[in-house]
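Here is what each chain is made of, one letter per residue.
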Amino acid sequence: MSEQTVQLEAALKIHLLLVDDDLEFKEIMQRHLGRIGIRLSVSACCLDALDLLEAQSADVVIMDMNMPGMDGIQCLRKVKERWPLVEVIILTGHASVKSGIEGMESGAFDYCLKPIDVRELIEKIELAAQKALINREDALLVPAVPGAVPQPKPTP
Amino acid sequence: MPLPDRISTLLRRLLRPGTAATKPDPDQAARKFAARARSFHDLLAARAGALKAMAELDAARRDGRPLSISFIRARCTLATVNVFKIIRHCNQIVDGHHEEPERTFSRLRQRIETILEARREPVAGETLLDLVRIDRTRAGLAGEKMAHLAEAGAIGGIRIPPGFVFTAAATGLFFQHNQLYRHINHILQQIEIADLEDLYRKSAAIRELIRNAPMPPELETQLLDRFDRLADAGTACRVAVRSSAVAEGIGPTAFAELYRSELDVGRDDLIDACKTVLASKYTPQAISHRLAKGLLHEQCEMAIGVLAMVEARVSGVCHTRSIGGPEDTLDLFYAPGMAKGIVDGTRSIGYLRLERQAPHRIVARQEAGDAIEPWLADAEAVALAEIGMRLERHFGAPREIEWSIDPAGALFVLQSRPAGTVQAPAGPTPTPAAGRPLPLLHGGVTGCDGAGCGEVFVVRTVPEALRCPRRAVLVVRHPLPEWAPLLHRAVALVAETGSEACYLAILAREFGLPALVALDRATELLADGALVTVDATARAVYQGRIDSRPGQTVDRPDPQEGSPVRRILTEVLSLVGPLDPPVSDSPGFQADRCQTLDDLIRLYHQQAVAGIFAFSRRVGNGQGAAKRLGGALPGQWWVVDLGGALIPDYDRSRPDLEITDIANPLLHAFWTGMRHSPRQKPSASGLRAAAAALFLASGGNGPASIRASFLRQKNYFLLSQKYCNLNICFGRLFATVEAMLDDRDNDSSIAFRCTVGTSRQTRRIEILAEVLEHFGFRTERDGEVLAARVDRESGPVVFDRLKVLGSLVVCARQLAAEPAGRDTCIQAIEEMLHHE
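Protein sequence lines correspond, in order, to chains A and B. For the first sequence, this note's numbering gives the first residue as 9, with consecutive numbering after it. For the second sequence, this note's numbering gives the first residue as 47, with consecutive numbering after it.
One should not assume that every hint holds.
Below, simulated DSS-like cross-link-like pairs (lysine-lysine); rule was C-alpha separation at most 30 Å, straight line [stated by the list, open to error]: (1) B:LYS386 x B:LYS248; (2) B:LYS248 x A:LYS106; (3) A:LYS106 x B:LYS386.
Sample of chain B residues facing chain A (criterion: CB under 10 Å; computed from the structure) [to be verified]: (4) ALA80; (5) ASP88; (6) ARG119; (7) ARG121; (8) THR123; (9) VAL127; (10) ASN128; (11) PHE130; (12) PRO694; (13) THR808.
Hint data in this document are derived by calculation from the structure and do not stem from the laboratory. The beta carbon of each residue, even a glycine, is placed where N, CA and C say it ideally should be.
Pulled out of the complex, with its shape left as it was, chain B reads as follows (with noise of 0.2 Å):
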């Protein structure tokens, strides 16, 4: 009943004095029917809502989109408490409840529940190391990058900044002091890559969270008797205070570069900028970082470095094993005072390629700026070559170096990381294509190989971040890490400073953007909105769409491969079941053995039919009574009306109804198929034959005792208004569909089974499913049982498909008729479909 009816109905019953309210009401099976029938409406409501959320969950399973583990999670939970729903309201409508799937259901939450929390036990240790104290192996409490600085500070000859760590666990306890997992997991639960906007709200949230809240009175009081211990013990009373992520479980990713340093801290300020570097594991571009490589906020952890200021004269980086040129040679990017502005590709800066071997040739220079003097001293150059050398030597890999020459002479190693494995392509600046037209703009620095193509999109500030399209050809005047979050909907990158070596080329080479950087004046030539390709292998940008060259293009990597989220969506979807959805309930699935959420909802769902009709048949000629449903067809038809199937005038005391009595537009479009069929006349007689036919076509080629028994096989119709689910039996042959209607969102689905009972059904079930896939569906066998599905249609295509198979069902015989037959059964129900 429509609720204003629902209310006007109980109003008059309430607004008229002496009225039945409490008195009995008449028909007691009725009102137990209708109220099995809106749970099975909402067992229903709760099936799809269920078998939605595990759809989107296998669906990014299975085209490997970026996915977070807030995403995961609301999905998980909507799937399991919709299932819950679906053993409550399955419970109502039997009568009744089952311990065993009960138990299951209650095991698999728990996994799933566990599986999610994913939790790492926090870091146990000291709070605070000095650099002396450490080496790689503790790297799990100092952060690599602080546990490597400190191993390479002990090899003779190499000079690092004195120092200390605030550990892993230091932070820990600071976040655990403030509860601050908690906080910020509320915040992030709904954020997604997509919302710029919102990511960089949240990310602003999270951070003002960090930097309020107040260090723990034992860990700060630690922290300032350790930078006086620093300041005691010689130069320093000024500090820089570096991230140092802990990569354990994780493995190399450049995330930690967008971590922030805070440099030149006064005792003063101490305190401020450890929770400032702390919150800045909070920055759009970490947050966003971490979604795109699936990692999980909580087992990032951070420790930090506090380390004495070095007064620098010069700095740089140093990559032992060239970025851009030949695999003998190394590269040297560097720029006066202290080397913030190289990484950020900000800078003007000088650079040197050396060759590997001792003495280290200088093989390629190129000095920025007006510097009369050069930045760097050839001997100077040859001192870092070797320094990094024999790091590398150390460590056993190529390293990145960050250092700083001071006034007197003295170098120091500021950092020392493993390198990045993906390398930028080496050589000159390629010449353009033949064939291809003139570039808009040729040269620059190939940061990633490939192409994109795209429409251009000038970012300057983070307002016009915010605005970035998806598939944009990125352009920005620097590369700085705070357009990482951009680069998941850029097509490429284009930059006019920078190096191979800036942050964002770092990350464009992780996600296998294409990206092209000190390309001079693209800021001022390329205009928002034109279309152009960029083409970082050659280097160019050209007007238009121009198609890349065989071998050009460059498969992205998958960012997430291996991530703890898609290791998180694998162990749930193993509890979940198979999905999208699955064609059948079979080969596998037996109602005592449920092993997953899906097999829970086939089970309840099968359940919830069977008691909807034993409750029909027992209500006798009540509300809720199966009605014969009469009319040409033979064979016994039956109607369970779950409210809403019948039109408004019909009379629901009469104990039998006709087609035109019925509002389903699912069973119209069933019946109509079995009725038009157009190898038999829609006569009685015919109809009786072609029945009869299907009944020997089914394997009924028995004696006059069978076929009558077909006829009075009761066939059941349960409808809703758009709702049907249909048993159908002859003879041998058990066949049931069911249909959903959902116009709104082009979510409407069949799903049709059938069973022969006898192994020499086998051809006959292989041309049906052939020809169930010629229209639409798809099909799964499993000897003797065929299962077909349509889903995700509009009704219009639902309601033809409908009409196929019942259609189908009396053209069955034909089927026999090998070879010809399935031919000719496509030919009958297509010429049917064209006169309807």
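Pulled out of the complex, with its shape left as it was, chain A reads as follows (with noise of 0.2 Å):
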């Protein structure tokens, strides 16, 4: 296999960043994902989050809501501020119209609760990655294209 093949390889790969405290969930999300090709970075708190973002970035970010150092919240809207084009699935233990409404509008692709169907999980992955691509064609596109894509409407 040539290097170009590998590289193409690994730069078609998701690169999906785990942020999550819960050692037993993110040995479940590591066996499944490395068998159908996703590339997983975990992280344990936010901050580490942060700095692993800043060093290399990736495609799709899920976060839990409940991990020390920083709110969920507001590391997410950190990752979004600092990096608008990658998605962020929120995954949360703890269900709260509250805290979902504020995620959604914070910019989180998708808000969902544990426990999960892995296969349900990995499907979200997929729409997340595919919505960061098209984030990075338009972003690339916009110049020429102005409102090829409708943004987002004032939430309700």
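Assembling the complex is the task here: the two chains are given apart, and the hints tell you how they should meet.
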């Protein structure tokens, strides 16, 4: 396998950053995602996640809401502010209408609850990755095609 | 475009030097349409997510299953977040937004949040109270147990141990000081009754959290100071630390008895003992009991009684209304030493039945053990009966009284609470019914009436309990409170020891679970896995399945009826809307008067569909433009491809397409139904005639100009790979068909709606409904509007139903031929399905 092919394959893989301090969940994700060719980085807290994104960007971030160091919503806002093309899926064990809406208003791609079927989560990751790619395409085209993608309207 | 293709496209653009990556896109409209099509797909996915969550809530209400606040909160959150997404996607499609429904959404979600919070204000008041200052009116602060005990102590001739109460206000301060409810809610969020292992793990985590939490210094000082005063006042330098649950707003329930008491506690251990008792609110049995009863842990406040220890020679329980005996008798259960093993059912106990009327003659006696001397003298039994009846008269209802007699003969009441409302059956062991086989075991005491059949599962240890299967006959040696979480998965309970008074029997009665206790050698003689029938009423266990006798089966009560969780469910459902899923958008649905999440979903879906069609009409001939579908059917049929609806080889520069260019199987099924209606030959002329007939059937008996307008009428198909939305208009008949394919989960669906613009068509609408019902649709009518649905079906079933709809449209002419029209139409469609 040529070096170029290897590089291309690596580039084609979705790069997912999982921000969660739940070790068991991380192991499950590593086991499943490895099989379907999603490149996974993990981080146990928001501050580490921000450092990791600075070093090597990701397509999709899955983020718990309750972690040490920083509130999940704050972390989400920081990610979207610094890397607006990255899509963030909130995955939390603590369901709350308030935090769900806050998360979506802050730019989350989706809001999911634990426990979640891994198959369903992978589908969501793929959709988010697809959206992240479209974001990148649109970002490249925006100067030439203003308004190609409708911008989100003021949130309800 | 599939994801790898998109990636390749992007990479090619990025990697090719001097490419047009930043060049103007040649087809802006196509990109805009693609963005809208994606939003529409996302809207459909969000709608499916919201409806699924809402349907689960509605199903829980209808089938009355035990449910937790976590379940309701999770579904409400998913429903609300998905409606938020629907609004966002719809706004992107229509490139605008609507203030009024968005205000409605904001209002609804805030109300849902408020209902789900459902927190009570923390109990306010004194943190420590002497027992002598308490009566029943202070139960909100001191808890039921201590308030009743203190009031009993104020009655002449009744003695209680000296002590004080660490009130519910003090508990609230302790929890608040350590933010315990926040942490506990986080742990409890995902808990479900069914997963026992998880329950034990989470229970242990919460109890550790509470035990490790520091007592606020001021409270600690007060506690120790009170202890010292108690010790100074007399004999007590050891105390019993007992839970005292606040039942205000919860009603009578046995859960308080699942909490722990710490006995023989000294000064050094007092703080830890208090925290251990507070932590016992989260034992597996207490958590599972609250879940089963639909109670919220934040609303189950707890106080603690700190009472001087009584050195007990003999202790016991008095039920002033006999549990199993005649109504005019009372029960005394007793054993040497402290009372603990009596209610646990772990000890051999003595039993006396006395008349309630003075002079309280003893009418039945059963001594246990090898005692040469009786554990309880007859005179003491009579004195206990007198005290019991005095308490019953004072409180106005039968009581359950825990008592101890010290070596000097002084009698102390340790607890006095209302007796359970469900009585165990009375009478001697019945003779096994004639015609039945000989029982494997016979005897014991009926803990709760009824019969249950299942496989035996013997539980001796907690690890064994974790493996207890559903619908098992639970067999235990002692009816310990530890086994309470298993009651929800058992069909019957058998215990070797215990009495009607033991906790597990009380719980079994609360849940209507057939229970047979004190059945000697049950764990030895009933083999794991053996199928048996436990007839608790007849006090017998049979091999295999034995039919219940008439009247023997007891309806299980709904343990959550009227509970806080059920009230919350009802309240949030009123904001969520009619569900599972509604057959129709009518009656009563008006876009400008949305009152529920369901209304909003329907409104935004309608607007999104309209937005896609409107955009499609604006884009001329580019991507996203509607393309005319050629073929045999008359009229104009236009297809809007949202992506994935067409075969890969289709030349997208063409202005039209054939049915063979379409990959969407849902449209193919509908089209097949239309084309192969057995009443018409599939020729162009025949179908034209059929369509014209349909036009006539739909009330179009008008002049030729109207008929011509029918042929000019555009019918739109909005298609993606697994979705189709058809808008068909024939004269005065307007129909929409929306179908979704979800083969993976057998969750495919069809929604059909048709409107006939004249009241003269009422009979025809009735027949249409009857035909659709015959083919498995759920229908609903409102005047000239007919709605029909098929839900949660496999792909093949949905394809068949779409053929029915397609065929029915063509067969509609037959419906006029009453009275045989309906049958003729059904027969014709069945023939079509058979041939297809």
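Each hint tested on the structure:
Straight-line distance between C-alpha atoms of LYS386 of chain B and LYS248 of chain B comes to about 27 Å, which keeps the hinted pair within the 30 Å bound. For the proposed pair LYS248 of chain B and LYS106 of chain A, the alpha carbon gap of about 25 Å is at most 30 Å, so the pair holds. Proximity of LYS106 of chain A to LYS386 of chain B is assessed by CA-CA distance (about 46 Å); at most 30 Å being required, the pair is judged violated. Interface restraint check for ALA80 of chain B: the shortest CB-CB distance to chain A comes to about 9 Å, inside 10 Å, so the restraint holds.
Restraint check, ASP88 of chain B versus chain A: the minimum CB separation of about 8 Å is within 10 Å; hint holds. With 10 Å as the threshold, the beta carbon of ARG119 of chain B comes within range of chain A, its nearest partner Cβ sitting at about 5 Å, so the hint holds. Taken as an interface hint, ARG121 of chain B checks out: its beta carbon lies about 8 Å from the nearest beta carbon of chain A, inside 10 Å. About 4 Å separates the beta-carbon of THR123 of chain B from the nearest beta-carbon of chain A, less than 10 Å, and the hint is met.
For VAL127 of chain B, the interface hint holds, since its Cβ comes within 10 Å of a Cβ in chain A; the closest pair sits about 4 Å apart. Because the closest C-beta pair between ASN128 of chain B and chain A is about 9 Å apart, less than 10 Å, the hint holds. Among the interface hints, the one on PHE130 of chain B holds; its C-beta lies about 5 Å from the nearest C-beta in chain A, closer than the 10 Å criterion. Here the hint on PRO694 of chain B is broken, as its CB sits about 19 Å from the closest CB of chain A, past 10 Å.
The criterion of a C-beta within 10 Å of any C-beta in chain A is not met by THR808 of chain B, whose closest approach is roughly 40 Å, and the hint is violated.
Violated hints, listed in ascending order, are 3, 12 and 13; each of the other numbered hints is respected by the structure.
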